[in-house]
Amino acid sequence: MSVKVSMKVNGKPVAADLEARTLLVTFIREHLRLTGTHVGCDTAQCGACTVLMNGKAIKSCSIVAMQAEGADILTIEGVAKPDGTLHPMQAAFKENHGLQCGFCTPGMVMNALDFAKSHPDPTEEEVRDSLEGNLCRCTGYHNIVKSIMAGARAMAGKP
Amino acid sequence: MTAPLIGARVQRKEDYRFLTGAGMYTDDVALPGQAYAAFVRSPHAHARIKKITVDQAKKSPAVLAVYTGADLAAAKVGGLPCGWLITDVNGQPMKEPPYPPLAQGKVRHVGERVAVVIAESLAQARDAAELIEVDYEVLPAVVDPVKAKGAPAIHEAAPDNTCYVWALGDKAAVDGAFAKAAHVTKLDFVNNRLIPNAIEPRAANATYSRAEAGYTLYVASQNPHVERLLMTAFVLGLPENKVRVVAPDVGGGFGSKIYLYPEDVVVTWAAKQLNRPVKWTAERTESFVSDAHGRDHVTTAELALDRDGKFLAMRVRTTANLGAYLSTFASCIPTILYATLLAGQYTTPLIYCEVTAVFTNTTPVDAYRGAGRPEATYVVERLVETAAREMKLDPAGIRRKNFIRQFPYQTPVALCYDTGNYDATLDAVMKMADVAGFKQRKEESLRKGKLRGLGYACYIEACGIAPSNVAGSLGARAGLFEAGEIRVHPTGTVTVFTGSHSHGQGHETTFAQVVADRLGLPIENVDIVHGDTSKVLFGMGTYGSRSIAVGGTAIVKALDKIIAKSRKIAAHLLEAAEADIEYDRGVFKVAGTDKQKTFGEVAFAAYVPHHYPLDKLEPGLNENAFYDPANFTFPAGSYVCEVEVDRDTGATQIVAFTAVDDFGKVINPMIVEGQVHGGLAQGIGQALTEACRYDSTGQLVTGSFSDYAIPRAGDVPLFKLDTRETPCTHNPLGVKGCGEAGAIGAPAAVMNAITDALGVKDIPMPATAQTVWRSMHKAA
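Protein chains in written order, with the working numbering: chain A, 1 to 159; chain B, 1 to 780.
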């Protein structure tokens, strides 16, 4: 069964005829060729596929594309400024060496963007709690925690 | 001249693409006419295949082909080779049963590949795979490695399920020392099986060009040249020049992406049959059952001491579980990379180690971050700490009493340590961890109802396995050198090609620092290329923390040649004798004058040779080098872990972890710290959370992230790190390697801390809340 879906991805209207079972992440990666959103597991545990749907962090592997009908989706490709300047959260990851292989990174950044909105100056413990659904095998989380703490402060205009 | 870059915390060149979603991992590669593969895998640990019915699958929509082991056998596709031949105690070669890419007649572990379906879309391939019927005759599964001998044979070639029994050391002398010892400490433990779980699942995408009669394979690999060599020479019988292997951005490896895997071979072979690109990407569940696992040792270890705590001898017996097949480097991990490390940081004069390596109906086991060295460190450091407790000696003091202090030091287990300073790292870690204040903290914890414990681990590792000829005499079937090439462009910018592969380690930055520093260039003017056999001349790839020590040195050797030639060019341009030219970071100067030429001017002259000694020198500026190390490097360090155990629940929290490492010269401290953080987390995972469990029928019951707990952010603390520096004596940078240290030292430190907190001799890894709770209640 094929269905029509339309949504906004990174500010751009997109539409497609999809098999009904097409996951949102498959639509993003295979149809829109936005391959910054990654798939690291098949049980919604790792968080590599995290995107923002209407401003809220979701795992794009756990909904089908048609559930995002009419939604505003932000993927990692839409986070930096149009001139390529990194968003403060991205910059914080770079400055704090918050990434190694880079595979979990887009999901980490997307999750942190949502988290930082409600946590302008988070504690270490709050950041660790926020990462319950995002797995990293490279960094031991140390520098991811520091990155998110710094990124959240930067987003809130704090030094 | 630019500021020095060696030792600087330079931010990573590779980060921008990863942070903006512009990384290009294997699954991101979509080729024109892309087809997709889905594998049918065995649901049984051990079974005879009576019949495979593929008719329905072949008729399924958009299916291009279905292949089974019979098709591969008919096409004379070979089995996967093992890269290291171990010779057993009787001088016989290890047993090497065939490892067919698709099962032939029998399946030997859950997840073994039985058939592959290739279709226009991934969903169609998976749908059709569901329609394949396999009629199995289930056989008894061999799961417990200790009971493998005498169990039903898994392979005809190994009737007693034993691959080899191997030993190192003088058994009689060791037994003699034990007979005279004042004290013997003995431990029986399991070094738990781990599932690597790089967050990027394995993937392979192969294409064939009839026009070029050649293949291109994109694959999530740590060593594309090795992958190509093994695949072309041993499995598919293809000319190496007609196969290009590209390992693009790779999302972590930790050893699991070193090996040649059946899926890589099958998609490459199928691409030619179908004349279509064929892509396979593992689902995480497939990764759990088909990526090579790590560790899995059952060990009895003994340490003999005199009455003062001086080590007299060590005796170790290990059963190593190799799983169902010999993975690419499986055989050398529990032998060459394990028994040789049992001296640790100590002067133990006599060591004997016997290893029985067995086949079981489980996923193959191979190198995982540390590869043999975490297992050795666990043996040594658990024994030492336990001996100190039994003899009522200070655990730091007993270590100091036995530290090696004279270098070079020849151990009784074949290695020769070139340099080290173990007092320096132990002193530093004790100060940083405030060991002196532990007693007070323990009392404070007790008031909160928590048991506090402190544990040490003083590890040694051997990185950059070498030299090739010695390794060859020990059974290695490959070289262990590395290659590097420096291509200077006419305008003075530089592209560096390295046979090392970066999959998170930051080589694009670290290696660029080395080159830019030496050539006096801004780091932006130096790019590092790796991971493509069509670009890089050769390479052994990245494993065993070898990249900077071996790959970095190859680059330095190429740099030496670049500078030697540049000096000649500069001498000509400056109308001076070559001997009078002084070089320092990008500037060629006539000694004692202010006459000089920059590296950029020399490069330009090399490519626009109008004023150039063409009669004596070729134009151009491009050099390569191969470097085969004279010895291993020997990073070492001292770790202190402090835990609090909840008396009611058994939950263990790491309240402090302090690590002081000696990696020799550090190029980029920020990147090195990151490597240590990650290694520590994996070591802590082994100690506290990662429980790989098979049931008695050989089913992996921890086959997802819901069941197998790799550490989450809440499981690990902020780490306190520092380094001490004794430069490696046999490479020009003085570097040793840092990638595995954390994973090597952490498990023993954590378990020493937990056993200290509980006041018990031993507790199995992983020390989950349940395990700790049971231990407390048994002890009570």
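Rather than coming from a laboratory, the hints here were simulated on the basis of the structure.
Positions of the beta carbon are idealized from the N, C-alpha and C atoms, including for glycine.
Careful: at least some of the hints might be erroneous.
[Stated by the list, open to error] For each label pair, taking beta carbons as the anchor points, the in silico distance ranges come out as:
#, chain 1, residue 1, chain 2, residue 2, range
1, A, A20, B, A22, 40 to 48 Å
2, A, E19, B, A22, 51 to 59 Å
3, B, E156, A, A20, 45 to 53 Å
[What the hints assert, rightly or not] Derived lysine-lysine pairs resembling PhoX-like cross-links, with alpha carbons at most 20 Å apart:
#, chain 1, residue 1, chain 2, residue 2
4, B, K565, B, K595
5, B, K761, B, K392
6, A, K158, A, K146
7, B, K392, A, K146
8, A, K94, B, K13
9, B, K13, B, K450
Here's how the hints hold up against the structure:
{"no.": "1", "hint": "A:A20 to B:A22: 40 to 48 Å", "in the structure": "31 Å, violated"}
{"no.": "2", "hint": "A:E19 to B:A22: 51 to 59 Å", "in the structure": "28 Å, violated"}
{"no.": "3", "hint": "B:E156 to A:A20: 45 to 53 Å", "in the structure": "49 Å, holds"}
{"no.": "4", "hint": "B:K565 to B:K595", "in the structure": "19 Å, holds"}
{"no.": "5", "hint": "B:K761 to B:K392", "in the structure": "13 Å, holds"}
{"no.": "6", "hint": "A:K158 to A:K146", "in the structure": "15 Å, holds"}
{"no.": "7", "hint": "B:K392 to A:K146", "in the structure": "41 Å, violated"}
{"no.": "8", "hint": "A:K94 to B:K13", "in the structure": "9 Å, holds"}
{"no.": "9", "hint": "B:K13 to B:K450", "in the structure": "45 Å, violated"}
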